[in-house]
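A.B. asks: Chain by chain, the residues run as shown.
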Amino acid sequence: MTAQIPLLDVRNIEIQAANSTSIVKSVNLTLAHGAMAALVGESGSGKTMASRSVLRLLPPGVRMTRGEILLEGENLAEASEKRMRQLRGRSLGMIFQEPMVSLNPAMSVGAQMAEALRLHTSLSRQEIRQLCIEMLERVRISNAAGCLTAFPHEFSGGMRQRIMIASVMLLRPKLLVADEPTTALDTLAQREVLDLLTELARDFNTAVLLITHNLGLVARYTENMTVLREGRVVEAGKTASIIAHPYQTYTRKLIAAAKASQGLADDVIPPDAPAVLRATDVSVTYGARTHGRGHGAAAVSEVSLDIRKGETVAVVGGSGSGKTTLGRALLGLVPLSSGRVEFEGRNIIDGKGAIRREARLGCQMVFQDPYSSLDPRQRIGSIVHEPLRHVQDMAPADKERRVSEVLAEVGLSGLERRLPHELSGGQRQRVAIARALVRRPPLVVADEPVSALDMTIQAQVLELIRDLQASYGFACLFISHDLTAVRRVAHRVIVMEAGRIVEQGATEDILGAPQHPYTARLIEAAPMIGDPAGLRPAADRAKVLP
Amino acid sequence: MATYLARRLSMMLLTLSLVAVTVFVLVRLVPGDSASLMLGEAGSLEQLAILRARWGLDQPWPIQFLYWIKGLLSGDFGVSTRTGEPVLALILARFQVSAVIVLAAMTIAVLVAVPVGLYAAWKQNSWADLAVVSVATLLLSIPSFWLGLLLLVVFGLKLSWLPILGYVGFGEDFSRALSFVILPVATLALIEIGVLVRMARASAIEVLRLEYVTHARAKGMPEWRVLAFHVFPNAFAPTLTLIGLILGNLLGGIAVLETVFTLPGMGRLLVESIFARDYPVVQGCLLLTGVIFVLINLIVDMLYPIFDPRVARA
Chain A
1 MTAQIPLLDV RNIEIQAANS TSIVKSVNLT LAHGAMAALV GESGSGKTMA SRSVLRLLPP
61 GVRMTRGEIL LEGENLAEAS EKRMRQLRGR SLGMIFQEPM VSLNPAMSVG AQMAEALRLH
121 TSLSRQEIRQ LCIEMLERVR ISNAAGCLTA FPHEFSGGMR QRIMIASVML LRPKLLVADE
181 PTTALDTLAQ REVLDLLTEL ARDFNTAVLL ITHNLGLVAR YTENMTVLRE GRVVEAGKTA
241 SIIAHPYQTY TRKLIAAAKA SQGLADDVIP PDAPAVLRAT DVSVTYGART HGRGHGAAAV
301 SEVSLDIRKG ETVAVVGGSG SGKTTLGRAL LGLVPLSSGR VEFEGRNIID GKGAIRREAR
361 LGCQMVFQDP YSSLDPRQRI GSIVHEPLRH VQDMAPADKE RRVSEVLAEV GLSGLERRLP
421 HELSGGQRQR VAIARALVRR PPLVVADEPV SALDMTIQAQ VLELIRDLQA SYGFACLFIS
481 HDLTAVRRVA HRVIVMEAGR IVEQGATEDI LGAPQHPYTA RLIEAAPMIG DPAGLRPAAD
541 RAKVLP
Chain B
1 MATYLARRLS MMLLTLSLVA VTVFVLVRLV PGDSASLMLG EAGSLEQLAI LRARWGLDQP
61 WPIQFLYWIK GLLSGDFGVS TRTGEPVLAL ILARFQVSAV IVLAAMTIAV LVAVPVGLYA
121 AWKQNSWADL AVVSVATLLL SIPSFWLGLL LLVVFGLKLS WLPILGYVGF GEDFSRALSF
181 VILPVATLAL IEIGVLVRMA RASAIEVLRL EYVTHARAKG MPEWRVLAFH VFPNAFAPTL
241 TLIGLILGNL LGGIAVLETV FTLPGMGRLL VESIFARDYP VVQGCLLLTG VIFVLINLIV
301 DMLYPIFDPR VARA
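Chains as they are written, first to last, in UniProt numbering: chain A, 1 to 546; chain B, 1 to 314.
Note that these hints are calculated values from the structure, not bench results. Be aware that a few hints might be false.
Claimed, not checked - Where chain A lies over chain B, by a calculated footprint (3+ residues, C-beta under 8 Å): (1) 208 to 220; (2) 223 to 236; (3) 303 to 310.
Note that beta-carbon positions come from the ideal geometry of N, C-alpha and C, so glycine has one too.
With these hints in hand, go ahead and build the complete structure from the sequences.
C.D. replies: Following this line, the structure appears as structure tokens:
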């Protein structure tokens, strides 16, 4: 312990919403110069509000009602708005969750990066340009000079987040608040972004406050952590010791949920179970016009797979690996350029309209984003009822009964009259699952069904999918970049890279002993608790980068 | 860019051909023609036949259509059956009047409505916002003729500041011309402000909630810069589309307003010509409206990428 003043000292703050309910009840937190700490909690725990109060960027109506926020001894809670503007950008940096919406779509990358420099320094136009280019090169953006004139929509999510980091780190802030900086990214991009962030923070002696719900990332990247629940700190201390010996039941629950999602699916599928879906040499080529990158790219090339009754097959890969396109192609939602797809033994691609219709009714889909996949104006009961509309040999009373039955199975009994916005993210995804299952389909395609959800909710939803599969024996194609989720539900794994299958086999074989280097990289990048590699000291981390 | 423009222009030709056919047929579906309306009850069958032959109305529709198109292609829009004037000159003279009023009103409306809407969004749910929304709703609910008459009564009759009847061209006497258009411009501007303020406010509220606005603030930027450089360009794109649509609509004729203020605009010309079944003039007016509509939409589409680069021009 040194007598030095900590960089950030948050003392007993309380934050209230417009209706005077406390979002943050009492939070204490200290952060030393150059340290990396995590603020952990589920959505609604107040972690985002607590972190935004440091920059005094609370949404309208939300205000801090008690406590002090000391930045090197200066109380920010009482600083003038003018003083705050001097500190923001210069000493206090912030990185946001959604790289898709945290850069201004109407402004070139260069103009956005230069903005803060023009505001806080007296550098010339040329010097600013030079600094921006150097910083973009540091975050490994190829053609940095060209990037300055490009607009945010021309980059992938991972690249945008790197540009974001470059733009914030340009002024070498003393403190960086990173609010779920990688939640929207796939595992590989997640790894890349956080490695870069760590590296830059170390070089510039910037302290980082990482706001996240992902305990795997916390274990891998931070030294200290603070666990928040319902606006209060439930546990705080060294990351390694909290993860190894959590004192509080809530922390234990969080860690158990994260670990449980690392457990393997154990039930065995009999080898003679009939194939529900069989794809042979499926290829999908996007024309130059739709793909936009110039050449007619093969999104999926010559992929063959079968999914048996009661089996879950996971398709994993990074963004752009073709896994989503494959899922859509198998359902006939995108045209195949070659190959054949059989559903319950019948070819559905060239088949007659009736066969295709039947196949389409027999395959149901669960989408990634439970916010946009439900009609906001439709009540839950009618959303779940909708797929039954075309079932002729079912009496209306039976349909009603089926809907309440399915809602009970997903744990949403009695919510028929609610609207989607009245439910939480986890509940909405349950509605989506109920809608997919109400017809008792032989096949369910789930495209990243849990990646938008919190860790504990993820565990519950995955559990639900497994339980329902055990009861009804539907086959499931589970598309995901999240290996922890895959481990939890899948019997078999197919690894895709650049539209091709690079490896496939039983889940434990692939995830336990990957043969292909790409698979190994994917597994390496997935943050896991209790994995010794996850707790390596910071110095080693930079080496893993390509 | 050039190929985009070429594609858009050829699509425009297709649209206008459809407009031409529709206009031609619609006009002729109305019972009665120019000849029978001009002669009235008193006309004899011989007179009717002579007039019809003179205007080509005795020909089958396809032949009439071909004559009309042939004329159009050589710049001849025909002659008004009512006054005998050439249609193109007649329409252009009347269009000037409407265009001056509409463009002036629209410019004022945009200049007032966009900043006010942005301010109201910034101050969302404050009393100032409430005041802006209430006034805007009031303005857009008032019928234009009623607001026009009200202004005429107050400024024309009671205060006698402005003339209430007539029109003088800007070329003849600028200050007198101005005194005639102030009230119609004010009426139209007030109503469009009501529409545009609400649109600008709604899209600014959407944008203000986005993270890049918080990101801009997190850089330490003063609020006015955040609003000017981050909120305004993104919030303006949807408003621009609306401006285009309104402008096209208004230029096609603000007949009601022109009637209230006794202005010789294109809207009134169109109404009068419909009553007289003056086919060449009605066809010309509607075709011109179509051209204006398509052109304004093209301009809006060309401007759109400036505010939202995600909409590529290619």
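A.B. asks: With reference to the structure, classify each hint as holding or not holding.
C.D. replies: Right, here's what the structure says about each hint:
{"no.": "1", "hint": "208 to 220", "verdict": "holds (count 10)"}
{"no.": "2", "hint": "223 to 236", "verdict": "holds (count 4)"}
{"no.": "3", "hint": "303 to 310", "verdict": "holds (count 4)"}
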